[in-house]
Amino acid sequence: MRYHPHTPEDVRAMLDVIGAGSVPELFRSIPAPLRLGRPLDVPPALDEIALFAELGRLAGRNQVAHPPFAGAGSYPHHVPPVVDQLLLRGEFFTAYTPYQPEIAQGTLTALFEWQTFVSLLTGLDVSNASMYDGATATAEAALMATRVTGRKKIVVSAAVHPEYRKVLATYLRSTHDEVVTVPFGADGRTDLAALAAAVKGAAAVIVGWPSFLGVVDVLPEAAALAKAAGALTIAVTAEAVALGLLESPGALGADVAVGTFQSFGNPVSFGGPAPGFFALKEQYLRQMPGRICGATLDKHGRRGFVLTLSTREQHIRREKATSNICTNAGLCALAATIHLTLLGKQGLAALARLNHGRLRLLREALGARGVHPVFAGPVFNEQAFEVGDAEAVVARLARKGIVAGAPLSRWYPDHPRARGALLCVATELHTPELIDLFAKAVQP
Amino acid sequence: MEPGAGQARTPLAPGLGGAVQGIAFEEPLVFEHGSRGRCGVALPAAPGPEVASDLPPGLVRGPVEGLPELSELETVRHFTRLSAWNHGIDTGFYPLGSCTMKYNPKSSEALARLPGFANVHPLAPAELVQGALELMYQLERALSEIAGMDATTLSPAAGAQGELCGLMVIRAWHEAHGNPRKKVLIPDTAHGTNPASAALNGYTCVQLASGPDGRLHPEAVAAAMDQDVAAIMITNPNTLGIFESHIAEIAAIVHAKGGLVYGDGANMNALLGVARPGDMGFDVIQYNLHKTFATPHGGGGPGSGPVAVKATLAPFLPLPVVVKEGEGYRLVTEVAERPGTVGKLREFWGNFGMFVRAWAIIREYGPEGLKATGELAVLNANYARARLKGTYNLPYETDSLHEVVFDDKAQKATGVTTMDVAKRLIDHGFHPPTIYFPLVVHGALMIEPTETESKEAIDAFVDAMLAIAAEAVADPEAVKAAPLKPVRARLDETRAARRPVLRWTPGMKVE
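As given, the protein sequences belong to chains F and P, one line each in that order.
Heads up: the first sequence runs through residues 1288 to 1731, numbered per the numbering used here.
Heads up: the second sequence runs through residues 111 to 621, numbered per the numbering used here.
Be aware that a few hints might be false.
Unchecked claim - FRET-style restraints, in silico, Cβ to Cβ: (1) P:Leu-153 <-> F:Glu-1651: 47 to 57 Å; (2) F:Ala-1480 <-> P:Glu-447: 44 to 54 Å; (3) P:Asp-336 <-> F:Asp-1328: 32 to 42 Å; (4) P:Leu-183 <-> F:Lys-1727: 41 to 51 Å; (5) F:Ala-1511 <-> P:Glu-621: 33 to 43 Å.
Hints are computed from structural coordinates only; laboratory data are not their basis.
Cβ coordinates follow ideal geometry from the N, Cα and C atoms, glycine included.
Please construct the entire structure, taking both the sequences and the accompanying hints into account.
The following block contains the structure:
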């Protein structure tokens, strides 16, 4: 076994030093009836060539010839090879959580940069070192809002990602907090009258930016209503490229911004892993969940970075911690940090415009074939289209190896227009030629 | 540039071996680099700002001020230089107790990057993702077998979320039996995530004291056990590296009063192929794939924390569930099909990229390789223990499995503490052990070598530990001044917490 360096002579010599006669003797503290006494029933060992053949077979059963036209929380983008080559440097890749800062300045510096990127894009004061994903970041933000306000009601727009809302419900069930969902209107934007009616006594109002429907939602208006009612505003962003074109959540009144930076440097990878983010106004800093990196000085006065404010965390506060989160998504955050560095000020703005423009191309191509948007509200790079029978279109395009989009009926079965609604994304990967091919396939 | 930039680093005395010294350099933040107008990507021509004319003008922003402007080479050099300031398993020995820092195979990385895995969309129709579903199905089955359980969910995003998941399942099971109960019993050797996960799930924690041999004793459990206790959370072997040999009796006490037994699988490496939690009375256990199955930890994640349970708890597992129907596979994602489920714990289906790596190593090991993993991990820890015993104080003489906890009692007279020993190890080229944990040992040094380390690697580490113990007597100040070799000396953590500087701003100053 190539990962086990022990020769029989090594084992003998080590047992001699230990004073044991055999390796099984080292397990004498496990009572005999509790031992397995047979080989595990798992498939037999594979050599490296057979391993690549077998996992290659599994990978080959997944069809990925075209970039998917489904986004819905997991966005296909071009990842420059630079990102992965740097990520694969073993010094980053095989490091643990930076508990020993003197020999983890690489990870810590990059986390400090990540936190800065998150702050700049969200327009909020501070960020943590990443979360598991956008859904748990949303749930943790809601829990934080209940701690900050002492209230137990969370108001969430139905246009917030349904997966995120499911996770929110799971997290809040144990704490007996209440979730009130407010509908969206015919234009796909959150119904402000319903929101105004629900916000009294709420700990937080949660709105997508852009929403799950791809729509540029009513964040400023929702934030104003929340503020008047003494509730926090939590903006949720799953497609972070949007933050290169849309005004930042912080500038529009959000107190907390959460979501994922998967779009930067992280492949879709069947939905995970990806770096969740969590940013907020400084006044709520001590209630933030998760790891935080901060600047300090070493004993010679040189700038360096450490994990800080850990008295909020589980390894110090145990059951009184702000969260149980420990390991988060550090490597995914590093990938996003590298990609954002490559993009920079000009590149991010260009990428965001490119995405917005590609959706316009898609809308025009489908429109020319009589397929039109379901909702009239403005969108960034994702939009629901009325295709007649969305499930049937998805099944038909699957036979051509194309992932056509996400049928909204799965999450909004009672919505009058859900049956025909297919949520499609266009990014820099969807070339004009591919968009043309797609439109013809959707409506031959 | 800051004070001390470019200054030569003090070499260790000849013969001490250890860290390799590279070229000394200072590296600013990406925000302090570059020049206006540079860019490191080659994108298709983008439309101009007029493309946003269909958006409400007040909701559109221009280019984000403060973002860096670097060429590709500047970016490459920046992150390459940062990486050189890090210690990883690829750099050297990483004996971080209870963190199980074993070698991360390069094959697994190549496999996880196959386009058929990396580029699969989570909402693609099932017929386009049969390979991904088959892999998840097979991995679930293997993890159930390895734990001695009946069903496994891959969904939890990390070990701590696995704990939360396991407790939610326990709560749901109790609710289905009429009473969710109020308390969770947790031994004093537990990881901090255990009480935090219990609290997040609405439970009150009751701490149990371990006995003089470092084990939890049935009497302590019996005294605390009542009809309000939902579960006991036990790490086995515990964080002292000691097998809880009364586990079957403890489980019987808890079960007799209607409670359940939760296993924190952080130390599962010790038991691989040798013994199974499901055969000892555990009802639920979470894995940490980065610990036991060699997925990279990446400086703080991503993790993956699958949860394996006995059949009676399976109906309550979170969504999704992978099912096999005929020759095909399908994800069950809706509550309607699983009315007992605790719901969804994270978006989509889990950290699939980690599943590929874990499945790769399980396939590469096979049954014999998995057993050898557990055995050699235990051999390595006992070898380190035998060589260090006598020089460092061993607070518990009880048999060790995969890790061993020493303390700094023998060094007390010299004034050298566990922290000093840890920092001096850095000068010898080693990552320090886990320190000051578990909390039941004052000044703990928790060493876990893992099975991928050779005898020579452990010998070199032990030799460094012995040299530091001798140095503590001969020249304690030298030990207390450590580390001397890394790019930074000891960092002022109090300053970081008192005056938080958590992001770059123009003209940023750390004072």
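Structure versus earlier hints - violations, ascending order
1, 2
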